[in-house]
Amino acid sequence: MIRSWEFYVDMIFVTAKAWILSLLGRFLPDWIVVLASITISGVVILCLGPVIMMYLTLLERKVIGRIQNRYGPNRVGKWGLLQPIADGIKMFTKEDIVPANADKIVHLLAPIVIVVPALMIFLVVPFGERMTAVNLNIGLLFFIAVSSVTILPIFMGSWASRNKYSLLGGMRTAAQMISYEIPMTLAVVPAIMMSQSLSTNTIVLAQTGDFDLHWFIFTPWGIVGFIIFFLCATAECNRPPFDLPEAESELVAGFHTEYSGMKFALFYMAEYMNAFTLCGIAATLFLGGWQGPFLPSWLWFFGKTFLLICVMIWFRGTFPRFRVDHLMGFAWKFLLPLTLINILLTALWQFTSNLTAWLWSILILGISLWILVKLNRTFVPEKRHYPLES
Amino acid sequence: MTSDQIILVPLLPFLAFAANILAGRWLKNRAAWLSVATSSVACVIALPICWAVFQGAHFAHQGTWLMLGTVPLKFGYLMDPLSATLLFMVTIVGTLIQIYAAGYMHGDPRYSRFFAYVSLFMSAMLTLVVSDNYLLFFMAWEIMGLCSYLLIGFYFEKDSAANASLKAFLTTRIGDVGFLLGFLTLFAALGTLNFSEMNTLMAGAHGSHATLNTGLLTLAALLIFCGTIGKSAQFPLHVWLPDAMEGPTPVSALIHAATMVAAGVFLVARSFTLFMAVPNILPIVTAIGTITAFMAAFIALTQNDIKRILAYSTISQLGYMVTAMGLSGLGAGTFHLITHAFFKALLFLGAGSVIHGTHVQDIREMGGLFKKMPHTAVTFIIASLALSGVPPLSGFWSKDEILLSAFGAGNFLVFGILLLTALMTAFYMFRLIFLTFFGAARNAKVHAHESPALMTGPLWCLAVGSIVIGIPGSPFMHHWFQKFIAHMVHYPEYEPSGLVMACSIAVAILGITLAGVMYLKQKHWAAAVAKNFPLFYRLSFNKFYFDEFYAAYVVKPFNALGHVLFGFDETVIDGAVNGTGRNTLFLSEIKNWIDQYIVDGAVNFMGTAVYFLNSFVKRIQTGFVQNYLLIVFLVLVAFLILELKLA
Amino acid sequence: MPILEIAAKFGTYAVMAVILIFALGVVTFRNLFHCALCLAAALIGTAVIYVVLQAEYLAAIQILLYVGAVVTLIIFAIMLTEHLAGKTARQNNSQSLLAIVGLLGFVTLLATLILKTPWPVTPTALQAKNSVMGLGKALMGTYVFPFEVISIILIAALIGTVVIAKKDAPEEPL
Amino acid sequence: MIVLPLSHILIFSLVLFAIGVYGALVRRNIIGILISIELMLNAANINLIAFSKYTSLSPETGQIFALFVIAIAATAAAVGLAIVLALYRVRKTVQADEVNLLKW
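Residue numbers (this note's numbering), protein chains in the order written: chain U, 1423 to 1812; chain F, 2 to 648; chain W, -13 to 160; chain E, 78 to 181.
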């Protein structure tokens, strides 16, 4: 079969891996080849995660700098490209401080454990055509389950530090993450319903069409689902405006107040990798994943993901922080009902998907949004009392 | 054309009642419009049906309600000439009065409550009109009594209103009990309560009296007539109606002038075949009616409260109607009922308008209101002319018919009394008008003003009605109305007599002139008359001492009897009871000792024994959950071992 | 590839051993927070066992619900009641010896039973591949009634929990 | 595919269950008891899945019942912890042997 050069560009990584494996297969037993196959994927992901994290920090600092009308880092290397490496060296060489009263083992374990789920999510992200590390048939559920584990190490870190700010930050994180996990999971359901699969790969393939532009976001439920998912994702990785757990003006630095050096770097890394994977999953579910005309699939995927990350950074540069009760109320009283309505809408969409369905969807969504906004209207008490403790 | 929608006519006001009583607080001023709207719709539904009946149609429908042994008790509606006429009158007058009341009651704290009651009343009245048997009739009759009670006592903060409502309720109750016993007797005699069936039976009975128990029927007719006496305020139970004027004026107009009190006359008209069939009852009816008509008119001559004059006038006119019935003038009586409803409602509403404008009720404090309240005055005068029997207004035609009945029957005593009553009627009405609307203002504190259009509008509507409603019964339409009623029941008819008409016109004009002379020109005549005939004056002014008579000879004996019974109760019965109590107390003290030392001792011993034993057993209840769990678990293991050993 | 299979088998046994060690940790550690963490680890290990038994869906649900929700809840409760569970407090009650004896009897009895029983293992069943879709269809078909009952129980528990845990706040005018 | 003997899995879950029972019997802290109960439920789940995998039942049955058990376990934990919090608020203790209002 003759294939065009675009195909080879598209499949460049896949082809490379197959070539290496066939090379090894010449002189090694089969089981080593299998092991090697797993190892290659693992190593690539293990390298990819930190590298992405490093350059995300640079990207963030640059973009935030531009938003705030300054340059951002530009001294180390061309355009500050070596800045992350400098930061890394600084982190490695810093003193590792452990509080005297801390639960030492748990204090040590927490930053290590938090990286594991962050890296594991990479396993099911489809970076390109045939470029999913493990094509699980429950890929999406795997992602949801693993990302829910992230709460645990945050708890560990906050508890082990024996610091009231850490503990408060940990409690806030748990409340926030559990709350936002529910609308996030429900926001994913429409995509599952339409593609009839939990596999990330199948979901991407369900979005094929003319010019590979048959993305879920171009449907009413897709738009709503995407927006809810993206908001919940921002809350899940504790980024502004949902960064209550580490609100520095209230809690010093939340659960990682007592961490320094490499341990802190690990927390930092997990956070950025989570941001990346969440944006990647959002792109997979609603923006067609690696689908797109003309360009190679992996380029499309990274382009969409970085676009979403830029939006997140933009959020950080723009919005002020939520108040705690507003934060919880937003998840439970606004997003949750909206996702349920969205699921209903998707079910309707499965029967008819024409112009009338569009109009109906917009009508239903409009009415429900209006009602939810009305119901969620909060009022500020005229005068608040802060009794002073004597 | 089907007529089943007639059921809606009483039902709609009932819905308004339910809505107003349940959601009145929320409805506020909308309550009035709900009531007005429902009765208007009822009117719109009813009028085509009435029209069809006027054209000669006849509707009836009935279904089985319940079984009395083997006799089915049926209920349904009956649309014959009589009920169509009443339906026509009640819906129109009721709607107009409610519109008026919306203006009159404005700002009252119990606004919605008022309209709830009025709607309930409308519902009951319409049920009564369309009902086809005595039982349903009686139920509606009783609900009307309740509404009357509630509405007379509407301003229950006033003692006089509360007492008046109680008086009205108790007085009419005497008649109601009579009515209840009456139709039960009728049921015993005929085996039916249905009007149509009764009419058929009675028509058959004309031929052979033997088939029916005349004695029972006479008793039944007499008792039913008791209902009329109570409800239509006939002598001697008329005393409640003047006091009923304590209620709001629209209520006086609707219930105590136009509709409810007419129900008594309607009852006689409904039972007309019965009254015709039994002997000796019609003279009694005539006598009661005549006495009432004359006596009430005589009392009205000297009263000073504007509403009381109208109340006595109402009693008098009701007496007229009853007299007509007694003279077998069914058509004449019904005709007068209709015309009277229109002009008397108008008079009451006009009086209400005057009270609304001046805030006084005593005519001696009024005067010269014609300029200030032109609409009220003109409509009031129209109504008074109609009542006085001035041609060609409606009252003339109907009153003339009644006089003709008396004349034609050859009963010249009654004819004479009625003529005298007509004279007094014209006199007291125009005494009222001249004192109220003409002459100089006698009280400077009264600042009169015309009422709003919401109130004067119904006044004009009723004024037009008062003028034209007499036409169908006049020679211009060849006494169409009388013939129409005569379709239903046969009764004697008389040729119109010019002499009667001349007498009627003459007494009306004489009365008006006399009033004019006495109260506009020669004002000292009135006092002179009172001084020269002190007996008559005092009798009239004190209403023939009826209230005093009842207080002395009915209420006081009852109170005395109550006191005697109370004394008996206190000394004899209570004494016996207390003696028994003391004895019991003594016995129980003995028992107490036995209980305390013997029975309780035994019980306590048992308790102590159990307590002692239990101090060993209770140790296993440690209150410690895991201990229980462990025991359960160990027992489970033991059972497993046992099971495996056995296997 | 027998080597890989053998390695996987031993891996599974290793996971089992690790689970048991963590489970022992759950019941023996003095510090309740450590117990909860051990529980989380044991539950994650159990999820691995599920994967071995080809119940991937259930493994994911296990992690999502147990680790993500239940353990979090427990840790919440521990933190809210924590300062009572200080290190000096005795963690076990006085009946541990009796419990151990009973349990040893229980385990030996049931273990002999398990080993003696000829289990009706069907090789075809081992080959059968279950899909998430089949699970969903069974849940919405055969087991739809228990499914609905479970949802009612969940709602009832939710409301009950809120009612029980709610502080009786003094009435404040709105 | 990894195939273990069924009895090994059963013994493993038996031991897990026994450890859970031990915790439920001897832990003083009520939260500790709840944790142990979660362990027991977990062991039962392993049994359910193993049986449905190894016997001729349809493979879904055991998984669905395990699913139900997980749901019930979640509710049990939620309600149990709410009770613990209420108890703590009223009695200022979370030790099972200090809550003995129903003692004789």
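Just so you know, the hints here were simulated from the structure itself, not pulled from any lab data. Treat each hint with caution, since some may be false.
Stated by the list, open to error - Some chain W residues close to chain E (C-beta under 10 Å, calculated; not the full set):
id, residue
1, -11
2, 60
3, 62
4, 77
5, 121
6, 124
7, 153
What the hints assert, rightly or not - Simulated crosslink set (EDC-like; lysine to aspartate or glutamate; CA at most 20 Å straight-line):
id, chain 1, residue 1, chain 2, residue 2
8, W, 153, U, 1747
9, U, 1484, U, 1509
10, F, 159, F, 363
11, U, 1500, U, 1525
12, W, 152, U, 1747
13, F, 532, F, 548
14, F, 75, F, 198
15, U, 1512, U, 1482
16, F, 619, E, 174
17, U, 1586, U, 1525
18, F, 619, E, 175
19, W, 152, W, 134
20, W, -5, U, 1747
21, W, 102, F, 451
22, F, 524, F, 366
23, W, -5, W, 42
24, F, 373, F, 451
25, F, 168, F, 549
Given the structure is predicted, the values throughout are model-derived calculations rather than measurements. Each residue gets a CB set at the ideal place from its N, CA and C atoms; glycine is no exception.
Now for the hints, and whether the structure bears them out:
no. : hint              : result
1   : -11               : violated (13 Å)
2   : 60                : holds (6 Å)
3   : 62                : holds (7 Å)
4   : 77                : holds (6 Å)
5   : 121               : holds (5 Å)
6   : 124               : holds (4 Å)
7   : 153               : holds (7 Å)
8   : 153(W) x 1747(U)  : holds (17 Å)
9   : 1484(U) x 1509(U) : holds (15 Å)
10  : 159(F) x 363(F)   : holds (18 Å)
11  : 1500(U) x 1525(U) : violated (43 Å)
12  : 152(W) x 1747(U)  : holds (16 Å)
13  : 532(F) x 548(F)   : violated (24 Å)
14  : 75(F) x 198(F)    : holds (11 Å)
15  : 1512(U) x 1482(U) : holds (19 Å)
16  : 619(F) x 174(E)   : holds (17 Å)
17  : 1586(U) x 1525(U) : holds (14 Å)
18  : 619(F) x 175(E)   : holds (19 Å)
19  : 152(W) x 134(W)   : violated (27 Å)
20  : -5(W) x 1747(U)   : violated (50 Å)
21  : 102(W) x 451(F)   : violated (110 Å)
22  : 524(F) x 366(F)   : holds (16 Å)
23  : -5(W) x 42(W)     : holds (18 Å)
24  : 373(F) x 451(F)   : holds (6 Å)
25  : 168(F) x 549(F)   : holds (14 Å)
The structure fails to meet hints 1, 11, 13, 19, 20, 21 from the earlier list, while all remaining hints are met.
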